[in-house]
Amino acid sequence: MIEAAASQPLLRVQDVAVHFGGIVALDGVSFDVAPGQIVGLIGPNGAGKTTLFNCVSRLYECDRGEIDFDGRALLSVPRHRVAALGIGRTFQNLALFRTMSVLDNVMVGHHCRTRGGFFANALRLPHAVKSDRAAAEQARSLLALLELEAVAGTRVSELPFGTQKRVELARALAAEPKLLLLDEPASGLNHEEVGKLGELIRQVRERLRLTVLLVEHHMNLVMSISDWVVALNFGRRIAQGAPAEVREHPELVRAYLGTA
Amino acid sequence: MTKRNLLLLALLLAVACVLPFIVSDYRTFQLTLVLVYATALLGLNILTGYNGQISLGHGAFYALGAYCAAILMDQAGAPYWATVPAAGAVCLVAGFLFGLPALRLEGLYLALATFALGVAMPQLLKYDHLAKWTGGVQGIVIPKPEAPFGLPLNADQWLYFFTLAVTIVMFVLAWNLLRGRIGRALVAIRDQHIAAEAMGINSAIYKSAAFGVSAMYTGVAGALSAIAIQYVAPDSFGIFVSIVFLVGIVVGGLASISGALYGALFIQFVPNIADEISKAAPWAIFGIFMIGFVYLMPTGVAGATRLLLAKRRKSP
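Listed in order, the protein sequences are those of chains H and W. Per this note's numbering, residue 1 is the first one in the first sequence, and the count goes up by one each step. Per this note's numbering, residue 1 is the first one in the second sequence, and the count goes up by one each step.
Calculated from the structure, these hints are not laboratory results. Be a bit skeptical, because a hint or two may be false.
Simulated coverage check for chain W against chain H, where a stretch passes if three residues somewhere in it have a Cβ under 8 Å from a Cβ of chain H [claimed, not checked]:
1. 167-177
2. 181-187
3. 199-209
The beta carbon of each residue, even a glycine, is placed where N, CA and C say it ideally should be.
Please construct the entire structure, taking both the sequences and the accompanying hints into account.
The structure is reproduced here in structure tokens:
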């Protein structure tokens, strides 16, 4: 029983299609993400990687296909319930709460794990106070993990880009996800920072027992940390497999280098 | 809260309690209005400052609260103190219901929809078929409450302390609400609504609820104003009230609790000062004050105060 559950994919994307007006962004993409793996999603610009992410986090509606997460049909779940199911994400162009402190940003990440509505908070009922304290504690431990303690009280908009990206990661982790979606975590980082990032993603996966789906253009990073790689081009899957296999795949080479 | 802030707050409270015994009854009445405006502005600030939804029609909820109080006293003989929570409850529901369709509107479009509400309200209050309750153009006159339990206070002083008590309760509730989980969610929606939803915040519910809570605050303020002025009439709730509220939260400081108090002082006293400077063009003077404040304190009085305190802490 337990073994059968373990061999189930955590995320199953089946025949997903999305179009915007006349433009086909995804054209029947299917792949699985096994629990505990780091899966890299690669492809040239406009291949549909971010569109796929936005389908999984329910920001876009799919025209066709199914997405199952943890044995549940995801496409019937409203957007704001996705986090509670166990899907956390970061954004390609940072979507932090700019006026809030680092600590508050991360605490918002924990929102789906806490209770207490308007009434309970206005009266500071014991359970609301307790839940708030727990959220702060959890946020602080994540700040420690990501070396952000020193800037806990700083407004995020005052921080350098690389630090803001770590804040976004901390915020995504605060939701205690099973699946972490990282949209181009290395973009805008310098060479040294990219090296550290790869180490960090692996470390976080081990410590928090996560599954990671990662969109990335930085080939070295993807190939070095992924257990499995899925390549898209023009909204279709053109290759998938272990990093070493996909790297040599003729379709991928053609997609990136173009054909004569 | 730091020890120093607590001390400042205690000092402020002590001053607030002593003031009505050293100033004239008319000044006491003006201070009562400052407290009323502070509650109204706090409500608008929850919606516009914290949650980022612009309202140009909060005068409508202020009117609704005032009329609730007046009608309950006039028609049902309700005691004045009981009309305050009743007006709050009515405005909470009204605000929530208005907030639901308003979800589809953002920025300037929401401003227009709320403007429509604000501009329609005085005429709705004059509507013939409602005149039986609203008193039509004449409005409603209500009796002035006397101090209970044989307290040695005149009516103006009692009104002041009654309003002060309600204001303190409303401020404490808002402070609780905004410093915790709900306050963070409201600001998150304002800053980045897509990310907020990805973090599991149901923005539709939060935005409508913010509208409801905001209207409740403004409605409570409306009820307090009716009791303080002992009179409601449609023409006291024109669109100008809504605009002045917006001026108050911007000058006082957006997304700031203390800003509501600064804003209330501004909208209560600056028109008087302007009137003393020039009888011919008081609003021109008011305009100059407004521009001056916004120019010198672009984050409102509350923001400027915060900066000043931070600077003093750094260089002792």
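Next item on the list: Find the hints from earlier in the document that the structure breaks and name them by number, from lowest to highest.
Entry: Those not satisfied: there are none.
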